[in-house]
Structures are given as C-alpha cells and as structure tokens.
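There are 2 protein chains.
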Amino acid sequence: MDHFILTHTSNAARAGELYTSHGTVPTPVFLPVGSQATVKTLTSDDLQDIGSKMILSNTYHLYLRPGIDTIKELGGLHKFMNWKGAILTDSGGYQVFSLAPLRQVNEEGVVFRSHIDGSQHFLTPELAIEYQETLGSDVMMVLDECPAHDDTPDKVAQAMQRTHRWASRCLASFHNNNQALYAIVQGGIIPELRKQSSEYLTSLDFTGYAIGGLSLGEPKEVMYAVTQQTAQMLPPNKPRYLMGVGSPEDIVEGVAAGIDIFDCALPTRVARNGALFTWQGRKNIRNASYSRMDMPLMSDCRCYTCRNYSAAYLHHLFNAGELLAYRLATLHNLTFMKDLMDRIRTAILNNNYAWFREEFKKTYQPTNEAIRLIQKQKWLNTRRSSEQID
Amino acid sequence: MDHFILTHTSNAARAGELYTSHGTVPTPVFLPVGSQATVKTLTSDDLQDIGSKMILSNTYHLYLRPGIDTIKELGGLHKFMNWKGAILTDSGGYQVFSLAPLRQVNEEGVVFRSHIDGSQHFLTPELAIEYQETLGSDVMMVLDECPAHDDTPDKVAQAMQRTHRWASRCLASFHNNNQALYAIVQGGIIPELRKQSSEYLTSLDFTGYAIGGLSLGEPKEVMYAVTQQTAQMLPPNKPRYLMGVGSPEDIVEGVAAGIDIFDCALPTRVARNGALFTWQGRKNIRNASYSRMDMPLMSDCRCYTCRNYSAAYLHHLFNAGELLAYRLATLHNLTFMKDLMDRIRTAILNNNYAWFREEFKKTYQPTNEAIRLIQKQKWLNTRRSSEQID
Chain A
1 MDHFILTHTS NAARAGELYT SHGTVPTPVF LPVGSQATVK TLTSDDLQDI
51 GSKMILSNTY HLYLRPGIDT IKELGGLHKF MNWKGAILTD SGGYQVFSLA
101 PLRQVNEEGV VFRSHIDGSQ HFLTPELAIE YQETLGSDVM MVLDECPAHD
151 DTPDKVAQAM QRTHRWASRC LASFHNNNQA LYAIVQGGII PELRKQSSEY
201 LTSLDFTGYA IGGLSLGEPK EVMYAVTQQT AQMLPPNKPR YLMGVGSPED
251 IVEGVAAGID IFDCALPTRV ARNGALFTWQ GRKNIRNASY SRMDMPLMSD
301 CRCYTCRNYS AAYLHHLFNA GELLAYRLAT LHNLTFMKDL MDRIRTAILN
351 NNYAWFREEF KKTYQPTNEA IRLIQKQKWL NTRRSSEQID
Chain B
391 MDHFILTHTS NAARAGELYT SHGTVPTPVF LPVGSQATVK TLTSDDLQDI
441 GSKMILSNTY HLYLRPGIDT IKELGGLHKF MNWKGAILTD SGGYQVFSLA
491 PLRQVNEEGV VFRSHIDGSQ HFLTPELAIE YQETLGSDVM MVLDECPAHD
541 DTPDKVAQAM QRTHRWASRC LASFHNNNQA LYAIVQGGII PELRKQSSEY
591 LTSLDFTGYA IGGLSLGEPK EVMYAVTQQT AQMLPPNKPR YLMGVGSPED
641 IVEGVAAGID IFDCALPTRV ARNGALFTWQ GRKNIRNASY SRMDMPLMSD
691 CRCYTCRNYS AAYLHHLFNA GELLAYRLAT LHNLTFMKDL MDRIRTAILN
741 NNYAWFREEF KKTYQPTNEA IRLIQKQKWL NTRRSSEQID
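In order, the protein sequence lines correspond to chains A and B.
Residue numbering for the first sequence is 1 to 390, as defined by our numbering.
Residue numbering for the second sequence is 391 to 780, as defined by our numbering.
One chain only, chain A, in its complex shape (with noise of 0.2 Å):
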C-alpha cells in the first residue's frame, strides 16, 4: 500500500492522504511535538478531541530518558503513551547537535553527552534507525548533521555531505515493516547545496523528503525562500516536510510552497507563556485587558477552553501561576492549529488557496519579525541548561 497519495494541488499548494498503521493523516497536516512521549500537559484523549492524527516524538529524549529497551518492554511507543494515532520520529540528530554538549562526529557516528546528566554515549545512522524500529513509530527520520545557521559555507556542506553518506547507511539498514523512513535535505541557505542535496537524495528510494536546517534564527525570508526552492526540486509523489515549521504565518507559506507536513513546539512552548493564536495574531492573556472579560478570547472557538472559561478566567490563572493555565492554553493552540490546517486543506480542495493566504495575511499579524529573531535566539541559548525541551 502507498503511504502517500496526492489528492489535489491549488498552484504549488498541495493536499493528500497519509496511510500508516495507525490511521490515515490527511495533508498539510501540522504536527503537535511530544518530544518526551507527552505533548505537554495534554492526555492521549485531549489530542483525540483536537482532532490530531499524528504527533511528533523523538528518539534522543527517549534513548535518554526512559530507554529505548524499557519502551521497547512496555510494548512500544504508541503503547507506552497510549496514543492509538501516528507517530513520527525524528532520529535525534537534532538535538544531538542543538542540546546535548560535547559531541564529536566522525564518519561512524557522533559521541555525545547526555544534557541530562553527562553520561556519554554514541549514536550511529544503523543505531538511529535500530531505536527507531523498536519504538515503533510510523515515520521515521534518517539521522543527519545539522550545522548552525551561520556555519561558514564548507562547514555546511561538509555536513551536507555526511548527511548524505548517513541517508544512505540508514536506507540500507531500513527493514520497511510498516514503517515509513523519510529523508532530510541538507545545505542551509546555500541554494546551490540545497539544489545538491535534493537531487542526490531524491535519486534514493527513501518514502518522503524532509527539509531540515531551517527555522534555526534566519531570517524569516530566507527560510520561505529555501523552502521554496527546495520543495520544487522534490517528487511530487512523495511527502514532503518542513521540520521545525513552524507558526501559523510559517505555515501558510510553507503550504503555499509545496509542504504537507509541518511540526513545531511553538504552538504549546508559547501557550505556557500565555501567548494565545487568534485569526488576528497571538493575544497575550496575561494583559490586563482580560482580567475582567467575561467573554472566551475567541467566542466562536471550538476548544475546550474557549467553550467552558472565560478570557478572565485564563488570565487569573496566569497571573495566579495556577498549572491548569497551561493545559488550557495547549488546548487552546491545538485546537487553533487544528483548525487552521483544516481551513487550508479545504481551501485548496476548493482551489482558491492563494485567496486563502492572502485574506489569512490580511488580518493575521505575526509577532515582529526584529523582537522574534531576539526570542528565538534567548530560546535556542538557554533550551540546553533547562527543562524547556520543547
């Protein structure tokens, strides 16, 4: 059976059909991440009543922390979180190369340190894809290097290169029992590199294509640009993911480029901020403006939330650092991610996606691009010392 069937296209926007396992994910689909086998704060039953298909765990934290063997004795990933819909793993690399200190690479491997508690350890493109079997997941991720976004030129495509020897290592380690192994493209903002990276794993048989290195402090146009140009180079049969993508406004573009797969913990690492998606932008239900608004932050919402408290409610709690905020907040963003996707797919089975985007772009106002870029990079610095894993 396909995992993947293309349904329609609006322009480059394109929707389809995911078949894994554990159920059919319908495309673009957006990813909630559950990096510790929990989206935060959520139950398995709360993803069921957003409306999610498929959420993104991830092999570093698990190998880390509870094991591979223990999930592997417990029954396996879906089994062990109780999650009966698909689950996609990224291999760890990563985080690997963002959180864990002291790694050293060489063409085997790379030796890291667990941002836990020190201990070394040494992850292979055959081990990354052995863990990912035993888990279970319905997708799994090769196992590539990812440079920094400002590494010099060689750099990258030095990790372009080993990224590529990696790809092929875990295709051929690949048992394909009903599990999917997507590839990641490589080569930063190099638009040469990209062009590269995309045709040497494209001439491999891997089940989808994803693209990695972006979303990491450049630029906003940069990153809508290289998706841009790499999604373009893919095969229009196969699926196609943006990793680490992103925010609402990402989104829109990243479908109008092409993309069915998006996952980022912004949507649930903001709500525990207080920071709430509207069709206007994102509300910050700490501001004193709501301690008194008897009405839901958004009173035609869907969500849990929305249909049981009011704007007032949530800003009490905030502002009382009660922990019920940020399950109420999750469910919030979820359910508005949900529905965004929704609003998308069927604006393109309707072929107006491209009205879709520009009326989206009318009312929606992204947080400022200048302030973001300051966040993102305080976030990226301090994610290592922290609990703030995703």
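Keep in mind that the hints were calculated from the coordinates and are not lab data.
Accuracy of the hints is not assured; some may be wrong.
Computed cross-link-like contacts, DMTMM-like style, restricted to lysine to aspartate or glutamate with a CA-CA straight-line distance of at most 25 Å [to be verified]:
no., chain 1, residue 1, chain 2, residue 2
1, A, K84, B, D439
2, B, K469, A, D46
3, A, K338, B, D435
4, A, K84, B, D435
5, A, K84, B, D436
6, B, K728, A, D45
7, B, K462, A, D294
8, B, K474, A, D45
9, B, K673, A, E73
10, B, K474, A, D46
11, A, K53, B, D436
12, B, K474, A, D49
13, A, K79, B, D684
14, A, K84, B, D690
15, B, K474, A, D300
16, A, K84, B, D684
17, A, K79, B, D690
18, B, K469, A, D294
19, B, K728, A, D46
20, A, K338, B, D436
21, A, K79, B, D436
22, B, K474, A, D294
23, A, K72, B, D684
Just so it is clear, the structure is predicted and the values come from calculations on it, not from any experiment.
Given the coordinates of chain A, assemble chain B onto it according to the supplied hints.
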C-alpha cells in the same frame, strides 16, 4: 429547607446529606481544595468525573487575586470557575494568621500584608461575610483568630474569646440568602477551652460547626483526642466540619469521632510530589521499582489515570518533569479520596463502620509519624514565600 439531615449513625459515625443551591452532598464528604478558584491541575469536568459534589475555595486568596469585585462582576465564584457543584469558602482567617506577614489584630479586625505584593489590607468579621456573600459560596465560614499549636494557654484562650466575639458579629451581619454559615470552635489542645468554645458557639444559631486550630503540627493522637472530645459536644442535627484534615487515616478516625465534612490540600499536594494513595498506603511513583511496571499503579482503580496509563508511564512523566504528571497524579488521589468516602458512607449505612475502620487500619500503612511531623513543619515554614499555598 434544612441544610443538613442526619440519616444514619453507626456508633458515633454519621451518614447524612447537605442540601445546597448547587446540589445535594452526601456525607461524610471530603472537599478537594481549590484555594485560587481552581483545584490545582484539574478542570471542573475532571472534578465532576471524579464524582466530587463540593469543593473548598478561599476568601483570602480570592480577595487578593483576582479580587472580590472582579468575581462579582464576572457573575460570582461558581460562574467564574465554571463549577456547578457546591462550594464552601473559608473566611480567610486561617490564611491571614498563617500566610500573611506582619498582621496586627485588634478587636475590630485584622490588618495584614499580602503575601504576594506586601500591600496592606484590613479584614473584619463583617467584611468576611460580605465577601463570601458576594462570592456566592454555599457554605461560608466565620472569621476566626487561629493561634499557633504551640502558643501559650493564655494566648490560645484570648484567641478563642476573640473568635467568639467575631462569630457573633458574623452571625449578626449574615443575610441567609441560600447560604449557610458555620462557626469555628477554637481552644487549641486544651480540653476546658474546647468545652467553653463549643458551649458558647452552639448557644448561637449557626448552620453548622467547624473544628478549627487542628492539624497544625501537633501529634496525630492529640488531634484525634481533641476532635473526638469536641465533636461529641456539638449538636447532632447540625453538620460538623473538621478543617484542614486530612490524610486517609485521619479521615477514618475523624468519621469515627462523628465528623461529617473534611477538607485538606494534602491529597493534591502530595500528588504533585509523586505520592499516590493505595489501600496499602502512599506509594512514591518516582521509585525506580515502577520504571518498568506495565500495569497501572492500582489495577482495580476506576480513576482516569489507572484506566489509561501504566505505572511506568507515570514514573517516566515524573522523572522527566513533565506537567502531565501532576494532573494524572491529582486525578488518581482525588478519585481515591472519593472512593474512600463512598466506602466509609456505605459502611456506616450498613452499621459496620467499626469493622471497616479496623480493616482499613490493618491494611493501610500511614506515613511514618516522625517523618510526617518534620515534613509538615517544613511545609508550614516554606509556604509563605512560595506559590505552594495549598
């Protein structure tokens, strides 16, 4: 309509029903604590699923944040927190005397500083009633003066006498619009004072009677003795409420002494530390022995957590510092408390409460008393400066 009907007794143990504008509450009942208009980590639906009929909230906390006027403007406490069941509000007396720094008591009332921002406030018996009437709680408490458990007999006696005068003033300003007003018996651990306090307060027509000033660091045996002595001096046709108690073993003893209502933050607070109730005692889910336990912590438990997740998963969530851990543990402990109260009530109705109590004590292993007293003191000392207010 009567507020309370005593339907059955089994020796001193009592089964009855509380009637409120927000439903009938079978007694004995345990009230989950939601000081800041939220039972930490749970929604109102969660509480309803557990089977809770009545919760406790707190005038002191709500007065400071979000403010009584704000809750009034938002339609009262029930509407604010979207809770359709009954609410008992404490007057704030205990919090002013245990939590607020720099308080000054005079006959008119008490001047205190907010533990949040140091701002100065004045609370009187009349204001305590006015605030609770504005909140719209189903059961209100008088403003009392709470001595520390190691205060001198003179100070305890003076606080008791002031509590009596304030109780009369509360009663005089009480409008009795579908709300009940309970007096609070004080007198520390001195039998003669408890006798005086019971006699004085029961000479006035309160809707119910609470026993205050216990579970403040005194040994359990002392608390049990004072409870038993005081309870038997209270009128049989009115509800009896043992404030701030307690653990499962405390409740089993309190019921034997003739108590109808309990509240305590312990089940929710220890849940957030990973201590989960079972019929054998508290188990610490962080213990390594749970790391690969594929079964729920209690396989016959009806709670959401045990029905959906293994002990190993819960262990992992605590180990990884994941927020979902706190909610799942809270759901378990409050379901346990509800089931305990249901078993207690059934035993009373079946005239075999004495047997139930013996069987419970045979299997339930309480926390070591010496460790408990140290933990309690530590908590009492730290709560002023932290968010750990309940």
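| field | Pair hint K79 of chain A and D436 of chain B, alpha-carbon separation not exceeding 25 Å | value | holds (24 Å)
| request: Take a quick look at whether K53 of chain A and D436 of chain B sit within 25 Å of each other, Cα to Cα. | output: holds (24 Å)
| Is the hinted pair K462 of chain B and D294 of chain A satisfied, with a Cα-Cα distance of at most 25 Å? | The hint holds at about 11 Å.
| task | Take a quick look at whether K469 of chain B and D294 of chain A sit within 25 Å of each other, Cα to Cα. | result | Holds - the C-alpha atoms of D294 of chain A and K469 of chain B are around 10 Å apart, at most 25 Å.
| said: Need the status of pair K79 of chain A, D690 of chain B: alpha-carbon distance at most 25 Å? | reply: holds (19 Å)
| query | Does the alpha-carbon distance linking K474 of chain B and D46 of chain A stay inside the 25 Å limit? | reply | Given pair K474 of chain B, D46 of chain A holds - Cα atoms ~22 Å apart, limit 25 Å.
| message | Given the hinted pair K673 of chain B and E73 of chain A, is their Cα-Cα distance within 25 Å? | response | Since the Cα atoms of K673 of chain B and E73 of chain A sit roughly 23 Å apart, the hinted pair holds (cutoff 25 Å).
| Satisfaction of hint between D436 of chain B and K338 of chain A, Cα-Cα up to 25 Å | Roughly 24 Å between the alpha carbons, so the hint for K338 of chain A and D436 of chain B holds.
| said: Just to be careful, I want the Cα atoms of K728 of chain B and D45 of chain A compared with a cutoff of 25 Å; is the pair within it? | reply: Distance ~23 Å between K728 of chain B and D45 of chain A Cα, so the pair holds.
| request: Verify the proposed pairing of K474 of chain B with D294 of chain A, using a straight-line Cα cut of 25 Å. | output: holds (17 Å)
| query | Hey, K84 of chain A versus D690 of chain B, does the alpha-carbon distance stay inside 25 Å? | reply | holds (23 Å)
| Does K474 of chain B pair with D49 of chain A here, judged by a C-alpha cut-off of 25 Å? | Given that 25 Å is the threshold and the Cα spacing comes to 23 Å, the pair holds.
Every hint from the earlier list agrees with this structure, and none is contradicted.
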